[in-house]
Amino acid sequence: MAERNNSKMNPDSILKVEQLVKTYPLPSERIFERKKIFTAVSNVSFEIKKGETVGLIGESGCGKTSVGRIITKLLEPDSGKVFFEGQEISSIKKKDFREKRSRIQMIFQDPSTALNPQFRIGRILREALFSIGIKRRTDQKNRIMPLLSRVGMSEEYLDRYPHELSGGQKQRICILLALLTNPSLIVADEVVSALDLSVQAQILNLMRLLQKDFGLSILFISHNLNIIHYMSDRILVMYMGEIVEYGPCEEVYRKGRHPYTMLLLSSLLDLNADKTSGEAKDSSELIRGESSCIFYHRCPWRDRLCLEKKPLFAELGPGHYAKCHHLDIIEASLK
Amino acid sequence: MKKAFQNRNLLVGSILVCFLLLVTLAGIFYTPYAPNAIDPNALLEGPSIKHWGGTDKLGRDILSRTMVAGQSAFLMGLITVSSSMFTGVFFALLAGYFQGGLGNLIMRFTDAFKSIPSLLFAMMVAAILGRSFASTAFAISMILIPQFVRMTRAVVIKIKENEYIQWTKLVGLGSIRIMFLHILPNVMSTVIITASLAFAEAVLTEAALSYLGLGIQPPDPSWGQMLSQGQSALRVSPWGVLLPGTMITMLVLGFNLLGDGLSELLNARTAKPE
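From first to last, the protein sequence lines stand for chains A and B.
Counting along the first sequence from 1, when you hit position 48 you're at 48 in this note's numbering, and nothing is skipped either side.
Counting the second sequence from 1 gives a position; this note's numbering is that position plus 1000.
Bound conformation, chain A alone (with noise of 0.2 Å):
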């Protein structure tokens, strides 16, 4: 990465994250013990331009929440830089971040949770558009109205509580939610895992259609493959907290090169692929060595190398890095 050390940002991207660092303390079994740390995320910096849709898979626990919940403030990261149109936003002050604020939205993941189930879907709207001080009715309603038609809704949603919504409408109430303080980013956390197959389709296809109309650069995060490959225009492979794949969509999808991507790819494939790739351990129960590989466990080109040298990124194509130290190997084999 030849941008690390260059903290200024490109002029067309609009979030720039620097070696992001969050830890957890682990519940600690007996009283006198040493805390024990979980690293939910190490070291991950990547960058997203100006409407573009950066997609980020792992599988559940490799911190990939973390690194959304980080960006839009909802965590503190123990270390690291989050740029956001050009300003530091991971370390200024709450009451200087509230202009800015509004420009970074997330979507959750389970819309039957992410609205208040004591209030009408408009007077939740009308919150969101309280907080960046638009507090005149009338002028609630006119910023409302026209979002409400475009995510595929209708005025009279707006006096139903949220449990008289399908899961589908939620979520579009969801997306317009966070349409109304005109954003520039757009979090999506594992958006479409709680719908119906047939609602994914449709959820996804609208937030392709807003993004291109409104501009939006949205960091889309997924467990799964197919739709991060879908709706990206690159694509981040997150494993155990640390990035150890990234590229254009395209490139990481038919041409991934990372054991571990590789591994998703196969998954993908065929449920019953042989397994190569070693015992599947919980991820959560390996103890990573420091100065080993992150995904030694379960790789299947695994030596001492590996055990003994922590791999950095190297190139495949334009743009295109993983972090392994057996990239040659792997490519021959595939031959």
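One or more of the hints may lead you astray.
20 Å max Cα-Cα, derived SDA-like pairs, lysine to any residue [unchecked claim]:
| no. | chain 1 | residue 1 | chain 2 | residue 2 |
| --- | --- | --- | --- | --- |
| 1 | A | K135 | B | R1177 |
| 2 | B | K1160 | A | T113 |
| 3 | B | K1169 | A | L179 |
| 4 | B | K1160 | B | I1106 |
| 5 | B | K1114 | B | A1208 |
| 6 | B | K1169 | A | F97 |
| 7 | A | K95 | B | L1212 |
The following residues of chain B were derived to be distant from chain A, with all beta-carbon distances above 10 Å [as the list claims (entries may be wrong)]:
| no. | residue |
| --- | --- |
| 8 | M1085 |
| 9 | L1170 |
| 10 | G1172 |
| 11 | L1173 |
| 12 | I1192 |
Footprint (simulated), chain B over chain A, 3 or more residues, beta carbon under 8 Å [said to hold, decoys possible]:
| no. | segment |
| --- | --- |
| 13 | 114-123 |
| 14 | 128-135 |
Since the hints were made in silico from the structure, they are not lab data.
Beta carbons: idealized from backbone N, C-alpha and C, even for Gly.
Start from chain A and add chain B according to the hints.
Below, chain B alone, put in the same frame as chain A:
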């Protein structure tokens, strides 16, 4: 609405409470005798057509006194529950929302207060502030606060983790607005259930205090006081304690059933949004 009728606890509880409320309210406008009227010709009589509940050792009509005593019991419950509810829920919101520093401070205070036996505390208050309706109400309110704080805080912490509250922080709404506008409506069902159970406890505590002679002072009647007076003449006239005892039992049972029924009804509704 249909569900409410299928709910046995709720039905029986509300019937009991309504019945007692009716009897008590009737006492404001009509009692068979003046509650404090002494009749030396009718001491410790059993139930008769003239005196349905019998008379006590001063010849006062027990039914009339029971009805009037109900007024102070309900009034005491209403005052103590509402005042402890407001303070308790307020602190619970603070403690649940600002977990850590302020939250811990509030909870440790609550724990410390909870460790004082409630009757002992009420006696202490009576000793300091004197024996009166007001001091009893103050003591009972204080006793009831911790359970409001604890029950509500637990729910606040749960609600706070919901994405719709996370979202309010994301868009930068103020803490006060989040607490009172967004979280409070979602904990109201718990508050109502707790209030119903607290009402029963308030009445019971008041009866206990009056029984010990610390609550409502004679000649004004109260159920606990009537019990203690009836007890001294229990061998001669056992029916003296019958009516006030039944009233206390029915009221406590009624509010407990009401609380259970409400919790079934409200929790079922929130747990299954369909």
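task = With a cut-off of 20 Å on the C-alpha distance, tell me whether B:K1169 and A:F97 pass.
result = Between B:K1169 and A:F97 the Cα gap is close to 12 Å, so the pair holds against 20 Å.
query = Regarding the pair B:K1160 and A:T113, is the alpha-carbon distance no greater than 20 Å?
reply = Distance ~11 Å between B:K1160 and A:T113 Cα, so the pair holds.
request  = Please confirm whether B:M1085 is truly not at the interface, meaning its C-beta sits more than 10 Å away from all C-beta atoms of chain A.
outcome  = holds, 19 Å
query = Within 20 Å, alpha carbon to alpha carbon, are B:K1169 and A:L179?
reply = Given that 20 Å is the threshold and the Cα spacing comes to 16 Å, the pair holds.
query = Does the alpha-carbon distance linking B:K1114 and B:A1208 stay inside the 20 Å limit?
reply = holds, 18 Å
query = Minimum Cβ separation between B:G1172 and chain A greater than 10 Å?
reply = violated, 5 Å
Given as non-interface: B:L1173, partner chain A, CB spacing beyond 10 Å = Contrary to the label, B:L1173 does not stay out of reach of chain A, its closest Cβ about 5 Å off (not over 10 Å).
message = Does B:L1212 sit within 20 Å of A:K95, going by the straight-line distance between their CA atoms?
response = violated, 57 Å
B:K1160 paired with B:I1106 [C-alpha distance capped at 20 Å] = Holds, because 18 Å separates the two Cα atoms, which is no more than 20 Å.
ask   = For the segment 114-123 of chain A, do three or more residues have a beta carbon lying closer than 8 Å to a beta carbon of chain B?
value = holds (count 6)
request  = Closer than 8 Å, Cβ to Cβ, for at least three residues: run that test on the segment 128-135 of chain A against chain B and report holds or violated.
outcome  = holds (count 4)
task = Measuring Cβ to Cβ, find out whether B:L1170 lies farther than 10 Å from everything in chain A.
result = Nearest chain A Cβ is 5 Å from B:L1170, so the label is violated.
In this structure, the earlier hints numbered 7, 9, 10 and 11 are contradicted, and the remaining ones agree with it.
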